[in-house]
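Just so you know, the sequences run in chain order A and B.
For the first sequence, the working numbering begins at 1 and goes up steadily by one.
For the second sequence, the working numbering begins at 1 and goes up steadily by one.
Worth flagging that the hints you see were computed from the coordinates, not collected in a lab.
Do not rely on the hints blindly, as some may be mistaken.
Below, a list of computed lysine-lysine pairs in the BS3-like style, where the Cα atoms sit at most 30 Å apart [what the hints assert, rightly or not]:
#, chain 1, residue 1, chain 2, residue 2
1, A, Lys359, B, Lys282
2, B, Lys262, B, Lys350
3, B, Lys234, B, Lys184
4, B, Lys414, B, Lys2
5, B, Lys262, A, Lys359
6, A, Lys161, A, Lys181
Incomplete in silico selection of chain A near chain B, CB under 10 Å [stated by the list, open to error]:
#, residue
7, Thr259
8, His370
9, Pro371
10, Val374
11, Phe375
Owing to the predicted nature of the structure, the values given are computational and were not obtained by experimental measurement.
Just so it is clear, CB atoms sit at the ideal spot from N, CA and C, and this is done for glycine as well.
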Amino acid sequence: MAFSFLRILTYVLGLVGTSLLLPLGIAIWKDETSAIPAFLVPMLSGWGVAITFWLRAHSRPRVFDVQHAFGTVGGIWIAICLFGALPLYFSGCFPSFTDAVFESVSGFTTTGASVLSDVERLPISVNLWRCETHWLGGLGVIALAVALIPLLGIGGFRLIKAETTGPDKAKLTSLIANTAKMLWFIYMTLTAVQAFLLWHVGMEAVDALAHAFSTMGTGGFSTRNASVGAFGLPTAEWICTAFMLLASVNFTLYYRVLTGRFGEVSRDSELRTLLALVFCAVAFATAVECSSWSEIGTTLRSVAFQVASIISTTGFMTDDYLTWRPAAQVVIFILFFVGGSSGSTAGGIKVIRWTILGKQLRNELRRILHPHEVFTLSINGCSGREAFVPVVASFVFVYMLLVLATTLAGALAGLDVFTAFTGALSMVGNVGPAFGGLGPTSNYGALAAPLKWFYMFAMLAGRLEIYTLLILVGRTCFLRNHALFCRTSEKSSEGRHVCFSSGRERARSYELDPHSCGHEDRACIETAVKVGSTEDK
Amino acid sequence: MKIFIIGAGFTGTQLARALVLERNNVILIDNDPERVRYASDQLDCTVLEADGNNLESLEEAGIASADALVTLTEDDEINMITCSLVDAVYPRIQKIARVRNYAYYTAADVARRRTKSAMPASRPLYGIDSMLNPEVEAADAISVALEHGAIGSVIELDADFGITTLSIGEGSPLVGLPFSELPKLDGWHYLVAFVESGDGTTSLPNGQTSLAVGDQIGIVSRLSEISQLVAYTKTPQEKLRRVVVFGADRVGSLLLARQQEKLHVARWKRLFGISAPNSYQKVLVVDRDPDLCRETVERFPDVRVLCGDVTDEALLTEEDIFSCDLLVAASGNYELNLVTAAYLKSRGVKKTIALTANSSYGDIARKLGVDVAVPMRGTVVDSILGHLRGRRVESVHSVCNRRFEIVEGYISPKSPVVGKRLQDIIDLGAYLVLLYCPVTGTSYEMPRGSTVLKADAHVVLITPAGDTRLVARFCGKE
Numbered sequence: 001m002a003f004s005f006l007r008i009l010t011y012v013l014g015l016v017g018t019s020l021l022l023p024l025g026i027a028i029w030k031d032e033t034s035a036i037p038a039f040l041v042p043m044l045s046g047w048g049v050a051i052t053f054w055l056r057a058h059s060r061p062r063v064f065d066v067q068h069a070f071g072t073v074g075g076i077w078i079a080i081c082l083f084g085a086l087p088l089y090f091s092g093c094f095p096s097f098t099d100a101v102f103e104s105v106s107g108f109t110t111t112g113a114s115v116l117s118d119v120e121r122l123p124i125s126v127n128l129w130r131c132e133t134h135w136l137g138g139l140g141v142i143a144l145a146v147a148l149i150p151l152l153g154i155g156g157f158r159l160i161k162a163e164t165t166g167p168d169k170a171k172l173t174s175l176i177a178n179t180a181k182m183l184w185f186i187y188m189t190l191t192a193v194q195a196f197l198l199w200h201v202g203m204e205a206v207d208a209l210a211h212a213f214s215t216m217g218t219g220g221f222s223t224r225n226a227s228v229g230a231f232g233l234p235t236a237e238w239i240c241t242a243f244m245l246l247a248s249v250n251f252t253l254y255y256r257v258l259t260g261r262f263g264e265v266s267r268d269s270e271l272r273t274l275l276a277l278v279f280c281a282v283a284f285a286t287a288v289e290c291s292s293w294s295e296i297g298t299t300l301r302s303v304a305f306q307v308a309s310i311i312s313t314t315g316f317m318t319d320d321y322l323t324w325r326p327a328a329q330v331v332i333f334i335l336f337f338v339g340g341s342s343g344s345t346a347g348g349i350k351v352i353r354w355t356i357l358g359k360q361l362r363n364e365l366r367r368i369l370h371p372h373e374v375f376t377l378s379i380n381g382c383s384g385r386e387a388f389v390p391v392v393a394s395f396v397f398v399y400m401l402l403v404l405a406t407t408l409a410g411a412l413a414g415l416d417v418f419t420a421f422t423g424a425l426s427m428v429g430n431v432g433p434a435f436g437g438l439g440p441t442s443n444y445g446a447l448a449a450p451l452k453w454f455y456m457f458a459m460l461a462g463r464l465e466i467y468t469l470l471i472l473v474g475r476t477c478f479l480r481n482h483a484l485f486c487r488t489s490e491k492s493s494e495g496r497h498v499c500f501s502s503g504r505e506r507a508r509s510y511e512l513d514p515h516s517c518g519h520e521d522r523a524c525i526e527t528a529v530k531v532g533s534t535e536d537k
Numbered sequence: 001m002k003i004f005i006i007g008a009g010f011t012g013t014q015l016a017r018a019l020v021l022e023r024n025n026v027i028l029i030d031n032d033p034e035r036v037r038y039a040s041d042q043l044d045c046t047v048l049e050a051d052g053n054n055l056e057s058l059e060e061a062g063i064a065s066a067d068a069l070v071t072l073t074e075d076d077e078i079n080m081i082t083c084s085l086v087d088a089v090y091p092r093i094q095k096i097a098r099v100r101n102y103a104y105y106t107a108a109d110v111a112r113r114r115t116k117s118a119m120p121a122s123r124p125l126y127g128i129d130s131m132l133n134p135e136v137e138a139a140d141a142i143s144v145a146l147e148h149g150a151i152g153s154v155i156e157l158d159a160d161f162g163i164t165t166l167s168i169g170e171g172s173p174l175v176g177l178p179f180s181e182l183p184k185l186d187g188w189h190y191l192v193a194f195v196e197s198g199d200g201t202t203s204l205p206n207g208q209t210s211l212a213v214g215d216q217i218g219i220v221s222r223l224s225e226i227s228q229l230v231a232y233t234k235t236p237q238e239k240l241r242r243v244v245v246f247g248a249d250r251v252g253s254l255l256l257a258r259q260q261e262k263l264h265v266a267r268w269k270r271l272f273g274i275s276a277p278n279s280y281q282k283v284l285v286v287d288r289d290p291d292l293c294r295e296t297v298e299r300f301p302d303v304r305v306l307c308g309d310v311t312d313e314a315l316l317t318e319e320d321i322f323s324c325d326l327l328v329a330a331s332g333n334y335e336l337n338l339v340t341a342a343y344l345k346s347r348g349v350k351k352t353i354a355l356t357a358n359s360s361y362g363d364i365a366r367k368l369g370v371d372v373a374v375p376m377r378g379t380v381v382d383s384i385l386g387h388l389r390g391r392r393v394e395s396v397h398s399v400c401n402r403r404f405e406i407v408e409g410y411i412s413p414k415s416p417v418v419g420k421r422l423q424d425i426i427d428l429g430a431y432l433v434l435l436y437c438p439v440t441g442t443s444y445e446m447p448r449g450s451t452v453l454k455a456d457a458h459v460v461l462i463t464p465a466g467d468t469r470l471v472a473r474f475c476g477k478e
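When you get a sec, could you build the whole thing from the sequences and use the hints?
Following this line, the structure appears as structure tokens:
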């Protein structure tokens, strides 16, 4: 009965539960006694289910096929968002469970959109947990689980593929678990370096750690209402700018730097485009915003921070860009469509996709001038990558559809057109702040509950790059007779399959043709003969 | 010598003919009855119908007493395995295989270099003494001609010296001047190896020879001085910026790879302004095969690739190919190469290089106005002849429609010329000593009349084709 799905789910929950140790420790250290049970109860229950399933585990881990991997990853993400909401809800700082879940989804998807208008009154441990959710969700909890739990190593590549971003997902090492370990090691090191630097220039230790979590996860939650700007530390702002950009670079590039493969880094099309984009955006917006030579330093700092914050989809603020000149605001607006690099913690459409589409456009234009010429599309110095174009084009199409649907939802809930549109961009792109009524100084608390739930879906879809969640939703809601999880029953191997349809949230058995089922979902369903009675296992 | 040739295709029969002319005992083997019949009608040698890779039939034909084995079938693998089989039983026999797959060729080269330093006594890979890759040789020849501005074909003798074939243009100071007067020309320190007059007669020059406009001469010079030769011959010269390569298959792709390597070097040199004038070119490739085009554009991102027919007038005007500086016709269709080169030359392309089937097309190419004709199969026969002339002969290059041969080799200690001065033994008009290098490893020098020939010195001769006795006089028979 969907045993392997639940087992992985419980392991991940156990892992996230373990990560509650950090805010719990802070709560004990800072004497925030009211917050201690809020962390302790979810942690213990997470451990409880994980241990139960670990004790029940007799079978060897199985290799996930593609459909199951997508379903599993979607299911786990929903579950951890709900689980992460528990400490927030139990702490009593959130008016409703919807708000707590919204904050948690916004955290794990690294959006950084808050329902709170005053975060400074929260216990520091709760604030730290908000930022830690960014950090866990940034590189991906499943990648962390694969790195730490050896059981998941087999078939983990499919799971990680469904979780990481970008069109081209490569393994760095021959074993996926080693790749995951390597990426998490790089991620942790960068976080530690940033936390140290922030603490060194004058932030409180807990604030420094929270902001490092938030920056490296490209989330955007802060411990202050006025975000990073509240500290009044120009050096800290520059550090955050630098690390936001570092976090929006493909993490595999750091691995290549560590292994001395600098050639591959300098050839990387995405990195080059990203740097060019950042440079142009900063230069242009600074030129527009700056009114005199004397204030060029402060303007540059502010513009660079906001540009890095938006392109990396972090959402930190030191300045309200709604007060900028329109041309500079448009620069920020354009960056909402861009996003960071693939394989980074940033959201959005991703630079690589625009690079591919741009190269394809250039080829199309040249084809008009030279009809006989043969063109190739080279990415990262490798030519012959034309196969990416339709994949990327359909992704951008579906992304835009989702943005439009979210805009419609916002408008139905009473937002004005521009606010609804930029809000949708911000949600699907996991940015955080938007324009109009949802600007950097506003928050999402006043929205209607149904819109919040829709926004949560949009954030998750954006984080998992839409397909993962669309497949999950499509299978469970619209094609309810399609079994989501199908595996051979361990006890009876003679063509008896136990299928789990999470659409109806209960188990059903199907009697199957023994020759038809090669663990292929479709084959299962098409040849399934429904047994008269439903039996629960 | 008793020589076995496996594969009676075009190259096999051509090689057999050349070897028979030199009075060798040739055994030609092929498993195609039609080819066997044709070859036995044409050639004065033993022709057998058998599988070349069957050791029993080879033994029946008497391989035990053979001196050399040349495998020239269409299949690289059969060529290599046959050599390997024979090597296992008869390691004494010299083995030559044609290997077209570039990967095998380079791998064998690497293997040879590594084992030579590690184990000097070890057998070469598959027992093959020399692998021949006609495509590589043709691509190298084109690449060299291209580098020197496609003014004429260049035979590279070593890293420094080469023989360049140039035509005498209007206003050349060489016209009408007897060769004995040549050293009086300002700055002339070159040697004329052969003369090909406009009416088709060829000769080795002597003191009375003089030149007319339209003649072609082969000049021995340093490779770096080739551009200065043009001051004397007045060969029309062009700067080559836009190059069209027709044909992206074997030779074409090898040529592009060579050009890409050069471009890589040239990029740095260009930065400091020290690159050679023809090292940077915009290359356009035309091929008919869409898959090949795709492969080429993926392999060589710096070149533009057009998929279409080179005879398609619309394509040529659309891409303005008539205004190109150079056309390299390097496709597998040799006749089309010639026709294309001649046609584009007549439509305004400044220089043309054509890959031709064999060296006898050289005359036609010249008459059609093609600047450089690179023979494809001629190079194979040349190399094999070079390998079979005895161990002291390093290489043989045929020139002037196979009427002369340029032979590189070492002087045998038993040779009657050892210890003699050049002016005492020279027979002007019969042969010439072009270059001389007393100590192995140092560079060549131009010989003088007073030069004394030493044993084991490296020497370059030009002799009438097939004159094995003359070569044997210098290099010995072994």
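Evaluation of the provided hints:
1. A:Lys359 with B:Lys282: Holds. A:Lys359 to B:Lys282 sits at ~21 Å (cutoff 30 Å).
2. B:Lys262 with B:Lys350: With a Cα-Cα distance of about 22 Å, the restraint between B:Lys262 and B:Lys350 holds, given a limit of 30 Å.
3. B:Lys234 with B:Lys184: With Cα atoms ~18 Å apart, B:Lys234 and B:Lys184 stay inside 30 Å; holds.
4. B:Lys414 with B:Lys2: The given pair, whose Cα atoms are some 24 Å apart, holds under the 30 Å limit.
5. B:Lys262 with A:Lys359: Holds, because 27 Å separates the two Cα atoms, which is no more than 30 Å.
6. A:Lys161 with A:Lys181: Answer holds: A:Lys161 to A:Lys181 is near 15 Å, not above 30 Å.
7. Thr259: violated, 24 Å
8. His370: At about 7 Å, which falls below the 10 Å cut-off, the nearest Cβ of chain B leaves the hint on A:His370 intact, so it holds.
9. Pro371: holds, 7 Å
10. Val374: With a minimum Cβ separation of about 4 Å from chain B (threshold 10 Å), the hint on A:Val374 holds.
11. Phe375: Holds: closest Cβ of chain B sits about 7 Å from A:Phe375, inside 10 Å.
Hint compliance for this structure: hint 7 alone is broken.
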